[in-house]
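Enquirer: With the sequences and hints as input, model every part of the structure.
Protein chains in written order, with the working numbering: chain A, 1 to 271; chain B, 1 to 271; chain C, 1 to 271.
Bear in mind the hints are in silico, worked out from the structure with no lab data behind them.
All figures in this text were calculated on a predicted structure; none of them were measured in a lab.
Just to be clear, a hint being listed does not mean it is correct.
Identical chains blur together in the list; that is why a pair holds if it fits in one copy or across any two.
Said to hold, decoys possible - Calculated lysine-lysine pairs in the DSSO-like style (CA-CA distance at most 27 Å, straight line): (1) K259 - K230; (2) K78 - K230; (3) K259 - K173; (4) K183 - K237; (5) K118 - K237; (6) K259 - K175; (7) K183 - K218; (8) K259 - K183; (9) K237 - K78; (10) K78 - K109.
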Amino acid sequence: MPRAFISLTSDFGVQSQGIGVMEGVARAIAPDANVVHLMHGLPAFDITAAARTLETITHLPIGSHVCVCDPGVGSSRKAIIIEVNRGDFLVGPDNGVLVPASRVLGGIKRVHEITNEKYMLLPVSAIFHGRDIFAPAAAHLATGVSITEFGPPLPPEKLVAPAYDEAVAEGHKIKCRIIQINKFGSMHLNIRQDLWDTFHIRLGDIVTLISGRLPPIKLPVGRTFSDVPKQECLIMKDDFGRMEVAMNLGSFTERYPLKIGEDVVLEVASA
Amino acid sequence: MPRAFISLTSDFGVQSQGIGVMEGVARAIAPDANVVHLMHGLPAFDITAAARTLETITHLPIGSHVCVCDPGVGSSRKAIIIEVNRGDFLVGPDNGVLVPASRVLGGIKRVHEITNEKYMLLPVSAIFHGRDIFAPAAAHLATGVSITEFGPPLPPEKLVAPAYDEAVAEGHKIKCRIIQINKFGSMHLNIRQDLWDTFHIRLGDIVTLISGRLPPIKLPVGRTFSDVPKQECLIMKDDFGRMEVAMNLGSFTERYPLKIGEDVVLEVASA
Amino acid sequence: MPRAFISLTSDFGVQSQGIGVMEGVARAIAPDANVVHLMHGLPAFDITAAARTLETITHLPIGSHVCVCDPGVGSSRKAIIIEVNRGDFLVGPDNGVLVPASRVLGGIKRVHEITNEKYMLLPVSAIFHGRDIFAPAAAHLATGVSITEFGPPLPPEKLVAPAYDEAVAEGHKIKCRIIQINKFGSMHLNIRQDLWDTFHIRLGDIVTLISGRLPPIKLPVGRTFSDVPKQECLIMKDDFGRMEVAMNLGSFTERYPLKIGEDVVLEVASA
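Expert: Set out below in structure tokens:
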């Protein structure tokens with residue numbers, strides 16, 4: 001029998017006992033599972049950045065994936081489990097942070113609320129549902145507990161709107177959003193590479209990035225950073241299925257101060 | 001048979017091979033144990049902050065817990081194992097850092113020194129006992145070696161004084177100490193919630209924080225941050241059994257520059 | 001049967017999903033292996049610092065060790081596996097970063113290129129070989145795949161030159177290089193302690209550090225930091241087999257701004 005797999009992602013600092021405690025809680029319930037910390041230290045309360053990071057579980061084993069980016073903890077927002085068609089369970093708050101990952105894992109199969117206290121750590125803290133609700137739920141799923149045991153089904157259309165939608169192509173424009181900025185100052189856009197490929201853009205072509213706030217930015221299309229001279233910019237496929245705007249040996253967002261969550265338009269030569 | 005459990009806590013930087021090496025040493029001895037990093041990057045040499053962090057193992061499985069905050073490494077301070085009544089072993093230097101956690105785990109059952117070189121990595125480095133003494137001891141305990149094998153018993157009353165004592169109630173005052181400040185600027189006090197509950201304080205009541213250095217600070221009692229307006233302060237139960245003084249959407253210790261280790265007094269309306 | 005062991009080292013930030021993704025990829029292939037993160041957040045693209053960190057696997061169990069410090073990713077540099085005489089496999093780019101660790105693990109037994117796509121994650125990203133080539137190779141090795149399956153043998157003398165060579169003794173001088181600076185501002189030199197011991201230097205002796213850029217620096221020989229007064233400097237054995245230049249309760253490299261990769265000379269009293 002394969003080992004169950006659990007991943008943990010959060011906006012806690014990497015120097016926080018919260019991370020170790022969540023892992024400990026999960027291991028107490030599912031001692032034979034493999035537990036991986038996908039990423040912590042995400043921008044605090046930024047559900048767009050967290051949702052995009054959670055998309056990278058496409059490269060992890062099928063399993064139970066916890067995402068704690070939860071500005072509404074302690075309020076009436078629901079705790080949920082989304083089962084996706086690849087077979088994974090996404091566990092976290094119903095605030096839109098889980099939905100984008102479900103799209104890259106085959107789509108939503110079903111959703112259940114977590115209301116059954118049998119699978120929680122009691123008493124449930126008003127401020128740390130990662131420890132008391134989400135990590136325990138992921139671990140119980142890893143031991144084989146059925147999603148239906150955790151609480152009532154929730155129709156997917158009743159979920160809070162996703163942190164972001166997919167980019168939309170209109171003629172030779174792509175209306176998109178900045179969904180992550182990494183530590184090198186590169187921006188990731190909500191454009192899937194398969195949408196990009198429908199434009200038949202070639203390496204070396206120029207696309208124009210239009211924002212409301214800055215002059216248009218010309219971007220050659222490259223394959224990797226070094227396809228342009230030092231400190232020049234480009235657009236290329238990132239390593240997790242989306243499009244990235246970057247500067248070779250420099251920081252794009254330092255020169256062009258755009259932010260996570262902003263909407264921009266890409267103008268391509270031909271559609 | 002359940003899997004043995006080991007946790008590691010230290011004031012090493014999170015970007016340090018020391019952490020990975022301690023885990024590797026433990027896994028060489030106890031390859032089937034689960035090893036969790038509770039927290040690293042604690043304030044260097046701050047045994048108060050380390051001791052409070054170690055208290056949070058109440059939420060981890062019963063196991064062997066290493067704490068490396070060891071300003072006296074290389075001196076004559078003892079290396080010890082404290083067995084607590086919950087069944088855990090606390091492994092580290094005899095400098096007071098382990099004792100507070102023993103109090104929240106049912107109290108001390110017995111203490112042994114670590115002197116038996118059979119359970120050390122030889123030659124023992126003068127500057128890295130975490131690798132050569134503490135991690136190996138925790139791993140050997142995880143494989144079933146008896147605490148009595150490591151060295152002679154040490155009467156608990158001979159231990160170096162704890163990093164902090166419990167708060168003391170006197171009439172309607174609580175004499176307490178700041179034992180941790182987190183990255184959001186919230187302060188944790190050495191007041192256990194069961195002591196707090198003996199005061200029958202209600203949500204919305206006002207308590208007064210008195211320090212030697214600052215004017216008295218009025219603090220409404222809340223349940224979570226958002227119980228007070230933005231950038232106002234409150235006192236509430238933290239998520240690990242103690243009392244926390246915080247600011248909603250702001251940093252308490254930025255406005256009131258108090259420090260880990262300072263003694264303060266809380267004045268409550270009625271006793 | 002002992003559990004296979006895998007370690008991961010990189011210059012990725014500690015707040016990066018790349019680390020978690022590499023572990024997830026390894027665990028999908030080798031779910032029963034123990035996987036340890038030795039260190040991440042190394043200085044970006046600094047193969048000297050990465051090579052020295054990789055040397056510390058002497059204290060880890062025998063296993064497969066990935067090192068991703070790879071300024072040439074996407075270029076024609078080779079991906080390789082070095083088998084060492086201790087029994088470990090070192091997996092990473094052929095850019096000199098793996099060779100120093102091989103010297104402290106008994107020397108090179110054989111080297112193979114990684115060219116067999118059967119053991120890669122396809123399609124291979126142009127910018128993330130850690131995920132698509134190195135972590136999968138380490139995991140397949142951990143499951144028992146023979147090094148000869150990955151690609152053709154490579155004569156060790158055809159490897160790219162090591163990140164650094166060993167220090168050279170000439171009379172009462174040691175020509176050496178700074179190979180790591182830690183977060184406390186201490187410098188580690190490429191002088192092995194067994195070479196040092198051939199000089200029969202005693203505690204309290206004075207050696208002189210000569211660089212091209214700064215006046216000579218007198219360094220007493222100590223055993224640990226506190227062997228010299230506060231904010232004075234010393235040279236001592238580090239905790240991983242090499243020599244370290246440090247300041248007691250202060251930062252050596254803040255006072256003397258030397259850098260990783262610089263060559264310096266130590267003048268000792270007698271040879």
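Enquirer: If the cut is 27 Å between Cα atoms, do K183 and K218 qualify within a copy, between copies, both or neither?
Expert: within (23 Å within a copy, 40 Å between copies)
Enquirer: Given a CA cutoff of 27 Å, do K259 and K183 count as a within-copy pair, a between-copy pair, both, or neither?
Expert: For K259 and K183, both the intra-copy (13 Å) and inter-copy (24 Å) Cα distances are at most 27 Å.
Enquirer: For the identical chains here, do K78 and K230 meet the 27 Å Cα criterion within one copy, between copies, both, or neither?
Expert: This pair counts as between: shortest inter-copy Cα distance 24 Å, intra-copy 48 Å.
Enquirer: When no copy is named, should K78 and K109 be tagged within, between, both, or neither for a Cα gap of at most 27 Å?
Expert: within (18 Å within a copy, 43 Å between copies)
Enquirer: Regarding K259 and K173, is the shortest C-alpha distance of 27 Å or less found within a copy, between copies, in both, or in neither?
Expert: within (20 Å within a copy, 49 Å between copies)
Enquirer: First find the shortest C-alpha distance between K183 and K237 inside one copy, then the shortest across copies, and answer within, between, both or neither for a cut-off of 27 Å.
Expert: This pair counts as within: shortest intra-copy Cα distance 17 Å, inter-copy 35 Å.
Enquirer: Taking 27 Å as the upper bound on the Cα-Cα distance, should K259 and K175 be classified as within, between, both, or neither?
Expert: Within. Shortest intra-copy distance 16 Å satisfies the 27 Å Cα cut-off; inter-copy 47 Å does not.
Enquirer: With identical chains, the pair K237 and K78 could be close in the same copy or across copies; at 27 Å between alpha carbons, which is it: within, between, both, or neither?
Expert: Between. Shortest inter-copy distance 23 Å satisfies the 27 Å Cα cut-off; intra-copy 35 Å does not.
Enquirer: First find the shortest C-alpha distance between K118 and K237 inside one copy, then the shortest across copies, and answer within, between, both or neither for a cut-off of 27 Å.
Expert: This pair counts as between: shortest inter-copy Cα distance 24 Å, intra-copy 45 Å.
Enquirer: Please work out whether the CA atoms of K259 and K230 approach to 27 Å or closer within one copy, between two copies, in both situations, or in neither?
Expert: Both: 23 Å inside a chain and 24 Å across chains, each within 27 Å.
In terms of the numbered hints stated before, the structure departs from none.
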